Amino acid sequence: EAQVTQNPRYLITVTGKKLTVTCSQNMNHEYMSWYRQDPGLGLRQIYYSMNVEVTDKGDVPEGYKVSRKEKRNFPLILESPSPNQTSLYFCATSTGGLPYGYTFGSGTRLTVV
Amino acid sequence: AQKVTQAQTEISVVEKEDVTLDCVYETRDTTYYLFWYKQPPSGELVFLIRRNSFDEQNEISGRYSWNFQKSTSSFNFTITASQVVDSAVYFCALSEETSGSRLTFGEGTQLTVNP
Numbered sequence: 001e002a003q004v005t006q007n008p009r010y011l012i013t014v015t016g017k018k019l020t021v022t023c024s025q026n027m028n029h030e031y032m033s034w035y036r037q038d039p040g041l042g043l044r045q046i047y048y049s050m051n052v053e054v055t056d057k058g059d060v061p062e063g064y065k066v067s068r069k070e071k072r073n074f075p076l077i078l079e080s081p082s083p084n085q086t087s088l089y090f091c092a093t094s095t096g097g098l099p100y101g102y103t104f105g106s107g108t109r110l111t112v113v
Numbered sequence: 001a002q003k004v005t006q007a008q009t010e011i012s013v014v015e016k017e018d019v020t021l022d023c024v025y026e027t028r029d030t031t032y033y034l035f036w037y038k039q040p041p042s043g044e045l046v047f048l049i050r051r052n053s054f055d056e057q058n059e060i061s062g063r064y065s066w067n068f069q070k071s072t073s074s075f076n077f078t079i080t081a082s083q084v085v086d087s088a089v090y091f092c093a094l095s096e097e098t099s100g101s102r103l104t105f106g107e108g109t110q111l112t113v114n115p
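Protein chains in written order, with my numbering: chain G, 1 to 113; chain D, 1 to 115.
Source of the hints: derived by calculation from the structure; they are not laboratory data. Warning: the hint list may mix true and false statements.
DSS-like mimics (lysine-lysine), calculated; alpha carbons at most 27 angstroms apart, straight line [as the list claims (entries may be wrong)]:
id	chain 1	residue 1	chain 2	residue 2
1	G	Lys71	G	Lys18
2	G	Lys57	D	Lys16
3	G	Lys65	D	Lys70
4	G	Lys57	G	Lys17
5	D	Lys38	D	Lys70
6	G	Lys65	G	Lys17
Not close to chain G: a few residues of chain D, all C-beta gaps over 12 angstroms, as computed [what the hints assert, rightly or not]:
id	residue
7	Phe47
8	Val89
9	Glu107
With beta-carbon atoms standing in for the labels, derived distance ranges [unchecked claim]:
id	chain 1	residue 1	chain 2	residue 2	range
10	D	Lys3	G	Asn7	44 to 54 angstroms
11	G	Ser106	D	Ala7	39 to 49 angstroms
12	D	Lys3	G	Asp56	44 to 54 angstroms
Given the structure is predicted, the values throughout are model-derived calculations rather than measurements. A virtual CB, placed ideally from N, CA and C, is assigned to each residue, including glycine.
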């Protein structure tokens, strides 16, 4: 079954404690990206990757890092989380070509206290 | 730059009423795709429809219908005879050919259907 797996689903952490949210896909998709969802703002892109070792900033990259060492994995790293990073995070993948079709992970609800 | 606007933050209706969710987009591309997603209280994103810029035919799927009008840059979504299970946040999104696979979302509309 084609899927995007995000872990964990829920996470409560403290300010400054490094954390990683994992994203893995089994569809051999070129394109992977991370979004955060906040009330009234919709989903905003944090980082994206067009292929292995190719990553770029989205609209709200501050405070986040990513890596794409393998095609299937695209972890989101918060080196020093702060309360304003409390949000719902989604990983998404796409074939990278027309027609665009997107597959989303189930989401990670992160709370930073 | 691509932009999507969903001006209706919240809509509340009574069951069996029809409801239309508005979506207005901005793009300079001639080739682009428009999407609607549903986010139920459980939080996952459920894909509803994708429409490319060259296909302005309206689409109907059961109680759902979509009206795409390039002249007004709108892609509105209508639910006929709404049900309580339709209660969710609905997102409209846009992807341009020149932006690669970047997907830009609107702010979302919270629909509440009351029994």
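Do the hints match the structure? See the list:
1. G:Lys71 / G:Lys18: Given that 27 angstroms is the threshold and the Cα spacing comes to 24 angstroms, the pair holds.
2. G:Lys57 / D:Lys16: Roughly 44 angstroms between the alpha carbons, so the hint for Lys57 (chain G) and Lys16 (chain D) is violated.
3. G:Lys65 / D:Lys70: Measuring from Cα to Cα gives roughly 38 angstroms; hence the hint is violated.
4. G:Lys57 / G:Lys17: Judged against 27 angstroms, a Cα distance of about 23 angstroms means the pair holds.
5. D:Lys38 / D:Lys70: 23 angstroms, holds
6. G:Lys65 / G:Lys17: 14 angstroms, holds
7. Phe47: Answer for Phe47 (chain D): violated, closest chain G Cβ roughly 7 angstroms.
8. Val89: 9 angstroms, violated
9. Glu107: 5 angstroms, violated
10. D:Lys3 / G:Asn7: 44 to 54 angstroms: 32 angstroms, violated
11. G:Ser106 / D:Ala7: 39 to 49 angstroms: 29 angstroms, violated
12. D:Lys3 / G:Asp56: 44 to 54 angstroms: The hinted range 44 to 54 angstroms is violated for Lys3 (chain D) and Asp56 (chain G), with Cβ atoms some 20 angstroms apart.
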